[in-house]
Amino acid sequence: MQPETRKFELVCPAGSLPALKTAVDNGADCIYMGFRDDTNARNFTGLNFDLANAKEGVRYAHAKGKKVLLALNTYPQTSGWQRWTSAIDNAAELGMDAVILADPGLMRYATKTHPELRLHLSVQGSATNYEAINFYHEMFGIRRAVVPRVLALAQVEQLMANTPVEIELFGFGGLCVMVEGRCALSSYATGDSPNTCGVCSPPKAVRWQETANGLESRLNGILIDRYGKDENTGYPTLCKGRFEVAGETYYAIEEPTSLNTLELLPELMRMGVAAIKIEGRQRSPAYVAQVTKVWRQAIDACRREGQSFSVKPAWMAELGKVSEGQQQTLGAYYRPWK
Amino acid sequence: MKLALGPLLYYWDSEKVNAFYDTVARAPVDIVYLGETVCSRRHLLRLDDWLEVAEKLSDAGKEVVLSTQTLIESESDLKTLRKITSNPNFRVEANDMGAVRLLANRVPFVAGPTLNIYNPQTLQLLSEMGAMRWVMPVEMSGAALADMQQSRPDGMETEVFAYGRLPLAFSARCFTARHHNLQKDDCQFRCIDYENGLTLKTREGQPFLTLNGIQTMSARVYNLLGDLEEVRASGVDVVRVSPQAYHSEKILHLFHETLEQRIPPSLALAQMEKLMPELPCNGYWHGKPGLDFVPQPALARSA
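Chains S and L supply the protein sequences, listed in that same order. According to our numbering, numbering within the first sequence proceeds without interruption in unit steps and concludes at 338. According to our numbering, numbering within the second sequence proceeds without interruption in unit steps and concludes at 303.
Careful, some of the hints might be misleading.
Footprint (simulated), chain L over chain S, 3 or more residues, beta carbon under 8 angstroms [unchecked claim]:
no., stretch
1, 26-35
2, 45-55
3, 67-77
4, 98-107
5, 193-205
If you're looking for bench data, these hints aren't it; they were derived computationally from the structure. These numbers were taken from a predicted model, which means no experiment stands behind them. Backbone N, C-alpha and C define an ideal beta-carbon position, used for all residues, glycine too.
Given only the sequences and the hints, what does the whole structure look like? Please build it.
Shown next as structure tokens:
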């Protein structure tokens with residue numbers, strides 16, 4: 001085993017206690033979760049953890065030697081500071097292995113109040129270069145940074161060479177085309193955004209309508225897409241709709257597609273990436289089970305086989321079933337995507 | 001309240017840029033933000049060229065601030081960033097925490113709109129590191145700003161984006177290149193053809209967004225002209241107008257006249273109507289979706 005591949009954590013999402021247990025049982029090293037309010041960026045009705053569930057989740061994961069990370073990755077608004085600080089206090093109390101933060105003010109609270117609490121910089125912190133990552137390291141002692149899905153692999157490597165902070169990358173799931181933390185498209189259309197409310201293209205703003213022109217999806221009345229009879233429909237995330245630009249109608253920003261970096265695994269391990277993150281706290285326990293299982297197998301195979309590792313078609317088929325629009329991409333890691 | 005001209009967000013040829021800032025030198029604007037904040041591939045004006053513009057405007061009595069690029073990815077982006085943050089003559093607007101790191105505890109700086117300052121605790125932190133002014137995030141409401149202002153650190157100035165297509169999102173991908181089926185690395189600098197950006201419409205023909213290279217903007221023009229009294233009442237020090245390809249000078253003039261209370265906002269708004277590339281919006285200020293437009297009751301009465 002190469003020294004740098006010793007630690008390569010698989011970080012899986014959980015929007016509920018069953019999902020968390022499923023992730024643990026299927027081979028996740030870490031599970032990340034959020035509380036049931038706007039302190040995290042998957043603030044959806046019926047999703048996430050109350051204190052009792054969180055406690056049980058931590059107990060379950062710790063009993064099996066796994067870690068639990070708490071996402072507190074929205075920006076505290078002026079009218080609710082205490083909600084965010086209570087969440088930090090609760091994380092410390094529950095024995096969370098780390099909190100994932102984006103807001104510098106909140107990081108300062110965490111370092112002052114709970115100096116023993118491990119801090120990760122959320123992808124919502126928009127840190128795309130080592131000067132920014134080192135800023136959070138010097139100021140708040142962050143131990144790990146989750147890097148926005150905008151960098152090419154060579155840029156990630158360059159960044160890693162210049163920071164002592166561990167790097168976690170997104171490996172699979174919904175693909176943000178915009179720099180996370182620097183996108184207000186959702187609030188422009190609906191009033192709510194990831195930064196302010198922990199939601200993007202929120203369900204309450206979505207309307208489906210059967211019309212003479214086809215099935216239409218709207219977000220706060222804005223036409224996001226219109227589907228022909230045989231077309232697959234998708235959730236109207238506003239950057240993944242079809243729009244008209246200079247007389248041409250197409251996916252002007254991005255197709256409905258999922259990120260899948262399975263084939264990059266040997267490279268990511270060689271680079272010394274600390275962890276790979278699976279997106280999808282809003283998805284079902286079945287999704288978590290399926291994706292976790294495939295990634296566990298792939299990581300273990302890659303450890304065994306090193307550079308001779310190859311992606312099994314069966315894995316891709318499994319992941320394809322749970323991908324948005326049944327499509328997958330390497331995203332920005334593959335430079336021509338840009 | 002002072003009037004500021006934000007950084008030029010579009011890609012224009014050098015001749016147009018220089019002519020534009022010649023006009024700005026004569027315009028009633030107090031502060032001018034300069035530099036390429038969107039895309040490092042835009043090369044017609046290098047940092048030295050921007051510094052020349054800066055000198056010219058400084059000589060004309062403007063406060064000049066150099067704005068840093070928002071999305072910093074490569075070592076060469078960082079090299080440019082370091083040159084800007086270590087320049088001896090001009091104040092810097094930091095648009096990324098990397099820039100903050102290079103400026104903190106060294107020189108006073110402006111905390112730009114993409115630093116995500118959403119609460120008094122974070123504003124306090126930036127103040128301690130040397131921020132002398134902060135630009136509120138575009139999506140922040142007037143009510144949230146009022147909360148921020150209550151505990152504003154001593155000496156901190158507040159600036160609000162008050163006119164222009166809203167810079168809403170940044171990506172690694174270039175949407176202008178994508179429109180032309182080009183890769184970003186071979187974009188052929190197509191954004192030079194769209195001096196006010198490339199409008200994205202819904203399939204019902206509703207102008208929705210504006211593609212500007214790696215930046216996505218609103219199609220509508222954010223315009224707080226009708227809300228200026230409320231903006232002033234919340235203790236804002238600076239209002240920012242964002243450059244557009246035509247009529248920026250007239251827009252600055254109308255803002256100036258309104259700020260000086262020489263012309264009623266309703267009249268200024270009416271005059272501005274034909275100067276805007278698209279319909280106005282001001283929803284964010286009113287705590288609504290950004291694209292909404294809320295007419296001021298006072299204006300509706302006087303109109």
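Do the hints match the structure? See the list:
For the stretch 26-35 of chain S, the stated coverage by chain L is not satisfied: 0 residues place a CB nearer than 8 angstroms to a CB of that chain, which falls below the threshold of 3. Residues of the stretch 45-55 of chain S with a Cβ under 8 angstroms from some Cβ of chain L number 0, which does not satisfy the need for three, so the listed coverage is violated. Requiring three or more residues with a Cβ within less than 8 angstroms of a Cβ of chain L, the coverage given for the stretch 67-77 of chain S holds, as 3 such residues are present. Note: the stretch 98-107 of chain S has 5 residues with beta-carbon separation from chain L under 8 angstroms; the three-residue rule is met and the coverage holds.
With a threshold of 8 angstroms between beta carbons, the proposed coverage of the stretch 193-205 of chain S by chain L holds, since 3 of its residues qualify and at least three are required.
Hints 1 and 2, counting from the list given before, are not met by this structure.
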